[in-house]
Every structure is written in structure tokens, then in C-alpha cells.
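Trainee: Spelled out from the first residue to the last, the chains are:
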Amino acid sequence: MEVKTMAEMVAAGEQPELLFWVGCAGSFDNRSQQISRKLVEILNQASISFAILGNEEMCTGDPARRAGNEFVFQMLALQNIQTLNEYQVRKIVTICPHCFNTLKNEYPALGGHYEVIHHSQLLKSLLDEGRIKVKGDVFKGKKITYHDSCYLGRANGIYEAPRDVLEHLDNEIVEMARSRSRGLCCGAGGAQMWKEDEPGRKRINVERTEEALDTGADIIAVNCPFCMTMMTDGVKAKEKQESVMVYDISELILQNEP
Amino acid sequence: MNIGQIIFILLFISVVYISVRLYTRIWRNIHLGKKERLRDQPGRRLKNVLLVAFGQKKMFKRFIPAIFHFFIYAAFLLTQIELLEILVDGFSGNHRSFAVSLGGFYTFVIGLIEILSALALIATVVFIIRRVVLRISRFQHPEMEGWPSKDALIILVLEFLLIFGIFTMNSADVVLQSRDIAGYPDTGNLPISGWLGPWLMGGAGTDFLIGAERFGWWLHMLVVFGFIIYLPISKHLHIFLAFPNTYFARLEPPGQMRNMEDIMNEVKSMLGMTEDAGSVDLAEELPNFGAADVTDLSWKNILDAYSCTECGRCTDECPANITGKKLSPRKIMMDVRDRATEIGHALDRNPEISIEHFDDGKNLFDRITPEEIHACTTCNACVEACPVLINPLDIILQMRRYEILTLASGPAEWTPMFNSMENTGAVWQVPDERIAWTKQDS
Ligand code: SF4
Ligand code: SF4
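Chain order of the listed sequences is A and B.
Everything in the first sequence is counted per the working numbering, starting at 969 for the first residue and increasing by one.
Everything in the second sequence is counted per the working numbering, starting at 60 for the first residue and increasing by one.
By construction, these hints were calculated from the structure, which means they are not laboratory data.
Owing to the predicted nature of the structure, the values given are computational and were not obtained by experimental measurement.
Do not take every clue at face value.
As the list claims (entries may be wrong) - Calculated cross-link-like contacts (lysine to any residue; reagent style SDA-like; alpha-carbon spacing at most 20 angstroms):
{"no.": "1", "chain 1": "B", "residue 1": "117", "chain 2": "A", "residue 2": "1125"}
{"no.": "2", "chain 1": "B", "residue 1": "498", "chain 2": "A", "residue 2": "999"}
{"no.": "3", "chain 1": "A", "residue 1": "1206", "chain 2": "A", "residue 2": "1182"}
{"no.": "4", "chain 1": "B", "residue 1": "120", "chain 2": "A", "residue 2": "1148"}
{"no.": "5", "chain 1": "B", "residue 1": "385", "chain 2": "A", "residue 2": "1161"}
{"no.": "6", "chain 1": "B", "residue 1": "385", "chain 2": "B", "residue 2": "470"}
{"no.": "7", "chain 1": "A", "residue 1": "972", "chain 2": "A", "residue 2": "1008"}
{"no.": "8", "chain 1": "B", "residue 1": "498", "chain 2": "A", "residue 2": "976"}
{"no.": "9", "chain 1": "B", "residue 1": "327", "chain 2": "A", "residue 2": "1051"}
{"no.": "10", "chain 1": "B", "residue 1": "385", "chain 2": "A", "residue 2": "1165"}
{"no.": "11", "chain 1": "B", "residue 1": "209", "chain 2": "B", "residue 2": "196"}
{"no.": "12", "chain 1": "A", "residue 1": "1103", "chain 2": "A", "residue 2": "1016"}
{"no.": "13", "chain 1": "A", "residue 1": "1059", "chain 2": "A", "residue 2": "1017"}
{"no.": "14", "chain 1": "B", "residue 1": "93", "chain 2": "B", "residue 2": "422"}
{"no.": "15", "chain 1": "A", "residue 1": "1163", "chain 2": "B", "residue 2": "485"}
{"no.": "16", "chain 1": "A", "residue 1": "1170", "chain 2": "B", "residue 2": "196"}
{"no.": "17", "chain 1": "B", "residue 1": "116", "chain 2": "A", "residue 2": "1149"}
{"no.": "18", "chain 1": "A", "residue 1": "1108", "chain 2": "A", "residue 2": "1138"}
{"no.": "19", "chain 1": "B", "residue 1": "327", "chain 2": "B", "residue 2": "483"}
{"no.": "20", "chain 1": "B", "residue 1": "116", "chain 2": "A", "residue 2": "1125"}
One chain only, chain B, in its complex shape (with noise of 0.2 angstroms):
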């Protein structure tokens, strides 16, 4: 066993380890929130989950983003077979594992993630200038100032470095191959290091192909296993998550509100239209309606804020934001990942807290004022826009809900329509009898 298999065995380990812990954080966190079933209708989940997630079809309303996105999606799916290798080569010590066995398969593969590397590295490049020079208005809201920034720009130097890594890789070994060195196997005419190993490379040392070679693999690796340690505190995780996300995302009817079945039951009884009257009291208890904290949201709702990836598509088609509102979609999703990931925190340092027992005194309202809330016309825009089937509209009418039901506040003006529509079963308070419209003609 050399030097380097040692190295990397460690690291391993501790990358799983780390990992593990992070991961399993992130699944806790998203079950703060409470139970909901969410696995009728099979067939039509995993439909959403080949055409939303694999197939992008929500990205390709925006063709531009669409095609450079799909460029490093698509480089990131076929780099994990690259990664096996890398990790069988990091156990053995061996180099290219797969390309004896593999033939010409395996310079089809390596080809293919040279010409999808190279795609992405353009397509990173475009992202980069879109941010820092084009400046493009929907990653310049008030909450992308800061953090959420500079972590997308982290990832998108980290995915630089990653295929800067491959490149220097593969093209110093196709020169070493060229030279007849031993245990450098034939991978076949790469399309891209073919002619660009030759080209930088040709003319250096031996030594110091081997070491550009060794450097190019440690940096694909380190970047890897930085990225997997990285992702969980980032807005990146809709990598994985993009998945279960559009398995199970909503499939009523996106008008559709939930049904609350306590507060329909209370009302029966209150008309009279049960035959059990007075089986269900609510008063007793003075529940909780509505959301004021994660805990209160399903942990489907949770589930979007960490699937979210925090592009603004939903921020840039509100009404209310457009129109120079306070709320935005995409803040709001980002205050329930901040919110549910603070509580994960205190549970952390405190693990003999259990949840049901958890206060700091905080809830959602700390990060998302009334003013946001009220300002939304439930358009259903900014669900219509998320790539990955986020529902922000959810969480805002929960937080309406708890508002209204719980602490009984909310917009003045309000009131004097609940007061009509209660009174008379009209919204507005008129004078006139409902059906004064089909006495007048046209």
C-alpha cells in the first residue's frame, strides 16, 4: 500500500463520516415539519419526476439558462461514472481501472464527459459572467446580498476547478501514454486532451507529467469530496433533492386550498349539521391554526426550502415583487431553510430537548413579516415558475392562516368583510337583495 492509497483511504472515511452526520442533519430538519401522505397516484409522481427533474421541462421555459444548465447537469450525471473509477483506482492504487476491461466502451465514456466538460466549463463561465458583470436583475434582490451570493458563486468556482482538474488529467496522460510509460493503459483518441495534451504538454519532462497528472486526479477528488461536504450547507442541494422533490410535489389542482377538517367540523356542529353535536370542542384546548414556525408546516414545505436553488425564477414572475413589493417567492423559501436548519442548530447543542418540547422563543414570523404575507394575490405564479414544483404559495396562505385564526390580527381593512360575509353571506355589505340584478334589463 503506497503513500497515496493511504491519503485517500482516510480521507474517505472521513468524508463519509462528516457526511453522514450532515445528511442525516438535513433529513431531521425536514421532518420538523408534520406528517403528510403524499404517495397516491404513482404513476403520475414519477411522470413528474422523469419530465420535471430528469427531463428539465420546467427549465426550458427560459431557453437560454435552460441549454448552459443542461450542459453541466448533464456532465454531472456522467462524471459519476468517472467518479466509480476514481474511487476503485483511490482503493487499489491502481490507475484507469476500467480501461483495459472496457475498450472502446471506455474511450466513448471518457470522450463523452470530455465534450460534456467542456460544454460545462463554457456554460460555468456564462453563469459567472451573468452574475458578476451582466448582473442580471433576478440574483439582485435584497435576499441574495451577502451569503446566498457568494455561495453560488462558490459552487460555480468549485465546478471550475473540478473540470479544470480533468483536463489537466486526462491530458497529461494521453502524452505519458504517448511516450510509452508503463501503467498508463490506452484509452483511445480522447476527443478533447487528444489534441490538447500534445498541444500544452508535449514538449515537458516526463516527471513532470506524472506530477500534472497526479495533480489534475487529486483535484477532481478534493473538489468531489468537497462539494458532497459542501452541499448540504449550501443552496446546492437540489442536485439531489430536485428528485423526491417532484415525486412528491402536490397533485391536486394548484387552486386547490386544504381542507381544514377540525375547523369544518366545528362549524358543522355549530350549524347544527352533524348528528353528534357537540363531540368536538375546540375551545377546550385553544389550538394552534395556521403556521407560525417550520414545526407547523408540512414537511413536504420543508422539503422545497432545501430543494430550493434560490434562481429567483418565482421572485421574478410575482405581481407583488414585480410591482415593488416587499414579498418575495423565492425569500420566503429561503426563510423557512434558514428557520428550520437554526432550529436543527439549537437541537444539536441541546440534544435533550426533544422537538415537541422545543422554544427559543423565535418562529417564522422573525424573518417573514405580515406586510410580505398580505401582499400576495395567490396568482400561483411563482408556482408555476420553480423548475423543481416548489409550492411558496403554501407556506404564505399557512402563515395567513395562523395570522387570522390564532392570533386574530391581519389587514384592518379585512374586516369589515369577514363581518359582511359572515352577516349576510355576501362580501360586500349592500343594501340590496341578492337577485336586485335580474329585475333591471341589461
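Only chain A is shown next, with the shape it has when bound in the complex (with noise of 0.2 angstroms):
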């Protein structure tokens, strides 16, 4: 898959339209790469011209800071608002909540001041535009529950954007006990994907898993790589992974062949 870097960009003369930020699941963890590469295959369907920063990104800093490490999180931010403004960087897509919170909420104060959407919102744009379309019907008839992000949901209010996205599709959306606002949160963020949970009844993954299993749903539809993991192996927890898939939004748009 060809992918520019900026780099490449600006040595060919060019400035892109939107940078990708792909974040560390994006770029590292296996099941997130494929929503990197879906993300860059619905770009390239919108034609919209884009790049990455390729091996000059680094984490934004998030679970750093959240953990209490500011330290750690100065250092990775500050590099980064360094690159993404010799780039001259004005627009940034992300498929992570967590990089588009502190993207778009915590660099201004460090002097990085973008236009930052995740890509639930520019499916959403595309999409009501016609610029992209649903591809294939690998999931026809299938039940679908919408799990909120609390970093898109909550802490960013963008509840309705990645709901509209899937009402493009034909299948039943059903919402599970607690959502929007009230959304359970998979139990990753504030840098618990980096360690155990602290002694209690159960996980936090397999609470939320129960409540979408309740739904009766097929497939769990996420918008966060954590939430992706978190949920996953919450299916595999209740031995439900033969019956029921998580998926990224945009994955369900344009679905791969079987």
C-alpha cells in the first residue's frame, strides 16, 4: 500500500489537504493497522490528498499524561507540535480518540493549534456528501450495537457523528442499557491498557461486553483502537468470538470481501 510521508511531500513540492495521524495502535498493533488501512483506502477513494509523518510521529503523549507523567508527556508533545508545525500542518484526521483529544484539546497550550476531526466525523461529511459510498454486503442483515468512546463521547460530546455514519448502512442499529452520555467506558484509557486492573469483580471490558452481548447485536461497531482490543478480547472472555465481531465504523462502510 503506497503511503506518503510528509517528507516525500514537501521534497516533491506538494502540501497535502489533511495528515493522517496514525497514532501507536494504529501504527503498531496489528488489528488497528487495518483501520489505518481502511482509513487510507476511503482517502484515497474521496480522493483526498493526504500524507503521515511516517517514522517522525511519535505518541502524542496521552497515556503518559494521564498516568500523572508529565515529563514524559512535555517531551513527546512538544516534538511533535515541532514537526507538525515545520510541516506547516493545518488539518489532522485521526483514527484514535485519545490522539484527537490531546490533539485537538491539549497541544494549543503548547503552541500547536490545528483543525483536528477523528475519522468518524469525516466518514460522516464524506459520506452525506456522496464523495464515498457503502461497499459490499458482507453484513447484510446483521444486528449492530454502537459502543461510545468516552475520549470521542464524553470528554468531546461527538456522540451523534459515528451513529449518523452507520445509519448509512441497511442493518439494525440497537442501543445497548447504558450509552451516550451514559456510555460504559471498555476499561483502557487513562493508561490502564498498560497494566492490570486493580482487585474487584470483574473486568471492565467484560462489564461493557455483557451489556452489548445483551443487545443481542452481531457485531459490536467501535470507533477507538482501545475500545477495539478491550472488546475483543471481552467477546473472546464470553467465548462469543464464532458469533459475534467487533469492527472499527469504517470498516463496516467499506467492508472487505470475504
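Got two chains here, each in a separate frame; can you build the complex from them with the hints?
Mentor: Have a look at this one:
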């Protein structure tokens, strides 16, 4: 798959419309890499000129900051901002709500001012404008439930864009008992992803997965690579991986051939 | 001047004296926190006060308790008018000073108060049942054992007594009016005492009625006075503090953490990003980062704590708490308030010590364990749930900062993550290049 980096574009004298911020999960996690490639497919289909930072991208620093490590956060954030500003980046799209929140809300105080959108917002406008269309009918007749990520939802008040995207499908969409502003966390945020749960009755992702399974849905739609991991693990813990799948909303719009 | 007036005036003066002392202490305790300016965008702030505090917008996410709470709230707001009359009567020795001059409007206001009080009475009974009989789960958490549960019941009983006083007073008055006894001006037809009075006390002797009316009046007044003095030691300050607390609530997106300028500048000079390198040297002073005690928090965090009514909506939505972890955002707020009160008491006992030099060898970590703050997923559910815009997450994050930055401790599993981020710029230690994912097709 060909994806140009900012460095390559600038060397060729081009300035892309959009920067695709891939994030650590999108870069390194096997499952999330598929979402990154899906977004590239979407951007190409909509003929949007874009680039990635490639090896010049670093973690936004979100997990460090939320763990309490402001030093590490500042080190990464300041270097990222330097890179972004050097390339005169204006508009960023990201597949990760954590990167989205940090880039959009926290970088300005450090001197990084960009227009930042999450890919569910991009998908919504591309679908609404007819620049992309739903492709494939692999999931025909399957019931979908949408899981709100905390950093898109409560942290930034984006509840409808991802749901509007799913409305473009013919599938039945069912809500979980706790959704939108009351949606339950998957358990990964605040750097929990990198440590074991504290002692308790249950893992958070299991609690959330049970709620998703209670809807009778065949597909759990997510918009965050960490929710993806957590919900996938939850489905496995409930031994439902044969019948219930977890997908990013982008994968439901441009479906892969079976 | 009669004996009743003298007692009233003496009582009034004592209540004013005691409450000034108690409320200035609360004010002082709130200002144990650090300064933070929260006055930008007054329009948005006012809107929060109107919608969230006056309008109870967030309460209505849970309809049943919201509607009962609204009865008590509305009755509380309106009885203030009646309270004004009680004060005037108490000082002047008159009876129902406003009745004659206000005429029909008086009947309307007192009538409305009666209806709201009746609804508030129902609500009070419902709330007592929810706590004592139904034992609704959000009132049964460990942090509610002992005093907090008693506190809640005391307030409900006081409310009950207050309403009982109002109806005794009005009912006896209505019967006295019908007997044309001098000094009982016509209040018009009151919607509840109008029939309750004749029904209950229609056959009673006039002396009994006069006594019952006075009993109701004094009970009403004493409960109000008691309430004013009790509020600052109870969880019930939210009836006042909800208003400033919603006004000063943070307006940034809830996902945004506050920037630490000192560290930013230090890192900038480390990375050679400042013209004037070396101007910031933090190593010399060994500063404290984050919050170990309430004095490290912002005054707004402490105002939050005193505004908390321990309703547990936050804890009920907390994913960590729901799955059985120790963390409870309500407990965080209670601990912050109790610690601020503890420091306040110590300062009262030793007025010569200034806050800057205060040290009792304790801090917030004696109440809030690392296990609690580590369990937080920063999901903002508690922030979203709170009906008066309290932010428990902000406190948790400041304590995490203290743990990592000042104590250099924290969960061991985070160390490799920090190292990897520092050394490779990626959150995981991975052998691949960052762009490796582009080398594959789907
Ligand atoms: S932000 Fe933390 S304390 Fe608040 S609800 Fe979420 S996990 Fe619980
Ligand atoms: S913080 Fe808010 S939601 Fe939580 S117990 Fe206190 S008042 Fe209730």
C-alpha cells in the first residue's frame, strides 16, 4: 500500500490537504493497522490528498499524561508540535479518540494549533456529500450495536457522528442499556491499557461486553483502537468470538470481501 | 416587648453569631486551596447556574428522584418569603405582618407554599423509604457507613419537622380566624389548612388552638435556625454552594487536562527550544508537583468537595466502582472535604500557625490510597453524572501527578511504558518501524 509521508510530499513540492495522524495503536497493533489501512482506502477513494508523518510521528503522550507523567508527555508533545509546525500542518484526521483529544484540546496550550477531526466525523461528511459510498454487503441482516468511546463521547461531546455513519447501512442498529453520555467505558483509558486492573469483582471490558451481548447484536461497532482491543478481549472471554465480531465503523462502510 | 420577642431576639442574635463563625470557616477552608482564576466567559457561566443549579437540568437525567427532589427544592425556595414574615413577626411581636397589606396575593403565596410543602412532605417520606426500607444501592457503599448515612437522615427528619410545623401553625390559625379572635387577620382560603384545620382542630378549645399555633410557629422557626447552624457540618451545603459551584465550573472540554507550565518550560529548555536556555532551573528548589494535600489543590476542587451532597450518582456511573474496585468518586470528594475540615480545625485550635507553615504529618494519601487513584480510567462518567458539576477526576489526576512526579512511584507496570515512550517515541517497545503498517495490503 502506498502512503506518502510529509517529508516525501514536501520534497516533491506538494502540501497535502490533510495529515493522517496514525497513532501508536494504528501503527503497531496488528488489528488497528487494518483500521489505518482502511482509512487510507477511504481517503484514496474520496481523492483527498493526504500524508502521514511516518517515522517522524511519536506518541501524542496521552497515556503518560493521564498516568501522571507530565515530563514524558511534554517531551513527546513538544517534539510532535515542532514537527507538525515545521510542515505547516493545518488539518489532521486521526483514527484514535485519545490522539484526537490530545491534539485538539491539549496541544494548543503548548503552541500547536490545528483543526483536528476524528475519522468518524470525516466519514460522516464524505458519506453525506456522496464522496464515498457503502461498499459490500458482507454484513447483510446483521444487528449492530455501537459502543461510545469516552474520549469521543463524554470528553468531546461527539455522540451522533458515528451513529449517523452507521445510519448509511441497511442494518438494524440497537443501543446498549448505557449509551451516549451514560455509555460505559471499555476499561482502557487513563493508561489502564498498560497495567492490570485493580482487585475487584470483574474486568471493566467484560462488564461492557456483557452489556453489548445483551442487545443480541452480531456486531459491536467501535471507533477507537483501544476499545477495539478491549471489546475483542471481552468477546473472547465470553467465548462468543464465533458469533459476535468487533469492527471499527470504517470497516463497516468499506467492507472487505469475505 | 413580650417574653416571646425577647427570646426570639436573643436566639436570632446567637444564630447570626454562630453562623458567621461557621460559614467564615467554610470560606477559609475552601481557600486553603491554591488560587485559580475562573471568571472568563461570564455568559456561559451564568447559563450553567440557570440551567444546572436553578433549572436542575442534570438532576432530570434520573426522573423519579429528580421530581421528588424538585418538590423539596421548590418548597425551599418559596418558604423564604414566609421566613421573612416570621422574622418580621418575631422582632415586632405582630402576627402575620404581611397578611393585611398583601391581601389576595398573601393568600396566593401562602397557598402555594402549602401545596409545595405537602409535595415536599411526600418527597421526604419517599426519600426516607428509599434510604431505610428499599436501601437503594447507591446509598449503601462503604463510604456511607456511620455518620454520612445518619447525616442524610437527620436532614430528612428536620425537613419533616419543618413541614409539620408549618401545617400545625396554619391549621390552628385558620380555626382561630373562624372564631373571630382578635389578632388573627384573615389569610383567605388556604388550600390545605383550609380543610385540615377545621377537620383536625375544629372542636378544640381556643386556648389549645392558640398554643398549637405558637407551637407550630416556634417549631418552624427553631428548625430553620437549627438547619442554618447544622448545614456547615453536614453534606447539605449544596443548597447554597450549588450556585457558586456551577458558576465556577470549568468550561474546557472535559477531556482536556490542565497544562503544567513549569514542566513545559523545563522540557523546552532541555530540548533546546527556548532562546534563553537555563533560565528555568527546577532542580534547585525540588518543587512539589501535583497534589498530595488539599493545600496543593485549587480552591475550586475544595469548593467542589463542600458542594457535594453525597448522592452517589458519580459512583453509580464509575466503571471501576461498578466492577468492584475500591475507587469511588464520591469518596474522593468526601475525603477532600474531611481533610479540609481537619486542617481547618487544627488551624482554629492553633491560630498562631499560618497555613504556609501548617504540617500535621498527614495528607490526602492517608485517606485516599494509591489503589483507588490507579483504578481510574479517566472516563469522565463521574464528571458527567454530577448534578452540580463537581469534578472528581481532576483531583484524581492531580494526585497521580504527585505520585509519579514527586514521589517517583506508581504502578510498576507503567515504568516500561514511560521508558518506551521516552526512548522510542512509541507507547510500546516494538522492533518495527512506525511506517511498517504501510508495507502490507489490508
Ligand atoms: S473518571 Fe475515573 S473516577 Fe470518574 S467515573 Fe471514570 S473511572 Fe470512575
Ligand atoms: S460528586 Fe456530585 S454526583 Fe458525586 S456524590 Fe457528590 S454531588 Fe453526587
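Trainee: All the hints need checking, so say for each whether the structure fits it.
Mentor: Structure-based check of each hint:
1. Distance hint between residue 117(B) and residue 1125(A) is fulfilled; the C-alpha atoms sit about 15 angstroms from each other, no more than 20 angstroms.
2. For the suggested pair residue 498(B) and residue 999(A), the alpha carbons sit about 15 angstroms apart, so the restraint of at most 20 angstroms is met.
3. Of the supplied pair hints, the one linking residue 1206(A) and residue 1182(A) holds, its CA atoms being roughly 12 angstroms apart against a limit of 20 angstroms.
4. Between residue 120(B) and residue 1148(A) the alpha-carbon distance is near 12 angstroms, which keeps this suggested pair within the 20 angstroms criterion.
5. Simply put, residue 385(B) and residue 1161(A) have alpha-carbon atoms about 19 angstroms apart, close enough for the 20 angstroms limit, and the pair holds.
6. Between residue 385(B) and residue 470(B) the alpha-carbon distance is near 16 angstroms, which keeps this suggested pair within the 20 angstroms criterion.
7. For the hint pairing residue 972(A) with residue 1008(A), the CA-to-CA distance comes to about 10 angstroms; that is within 20 angstroms, so the pair holds.
8. Between the alpha carbons of residue 498(B) and residue 976(A) the distance comes to roughly 16 angstroms, so the proposed pair stays at or under 20 angstroms and holds.
9. Straight-line distance between C-alpha atoms of residue 327(B) and residue 1051(A) comes to about 14 angstroms, which keeps the hinted pair within the 20 angstroms bound.
10. About 11 angstroms separates the Cα atoms of residue 385(B) and residue 1165(A), which keeps this hinted pair within 20 angstroms; it holds.
11. Using a Cα cut-off of 20 angstroms, the hinted pair residue 209(B) and residue 196(B) holds, with the two alpha carbons roughly 16 angstroms apart.
12. Of the supplied pair hints, the one linking residue 1103(A) and residue 1016(A) holds, its CA atoms being roughly 18 angstroms apart against a limit of 20 angstroms.
13. Among the hinted pairs, residue 1059(A) with residue 1017(A) is consistent with the structure: their alpha-carbon atoms are about 12 angstroms apart, no more than 20 angstroms.
14. Of the supplied pair hints, the one linking residue 93(B) and residue 422(B) holds, its CA atoms being roughly 16 angstroms apart against a limit of 20 angstroms.
15. Pair hint residue 1163(A) plus residue 485(B) holds up; C-alpha atoms about 16 angstroms apart against a cutoff of 20 angstroms.
16. The suggested pairing of residue 1170(A) with residue 196(B) holds, with an alpha-carbon distance near 18 angstroms, which does not exceed 20 angstroms.
17. For the suggested pair residue 116(B) and residue 1149(A), the alpha carbons sit about 14 angstroms apart, so the restraint of at most 20 angstroms is met.
18. Restraint check: the Cα-Cα separation between residue 1108(A) and residue 1138(A) comes to about 8 angstroms, which is no more than 20 angstroms; the hinted pair holds.
19. Between residue 327(B) and residue 483(B) the CA atoms are separated by roughly 19 angstroms; this keeps the pair inside 20 angstroms, and the hint holds.
20. Using a Cα cut-off of 20 angstroms, the hinted pair residue 116(B) and residue 1125(A) holds, with the two alpha carbons roughly 17 angstroms apart.
Of the numbered hints listed earlier, not one is contradicted by the structure.
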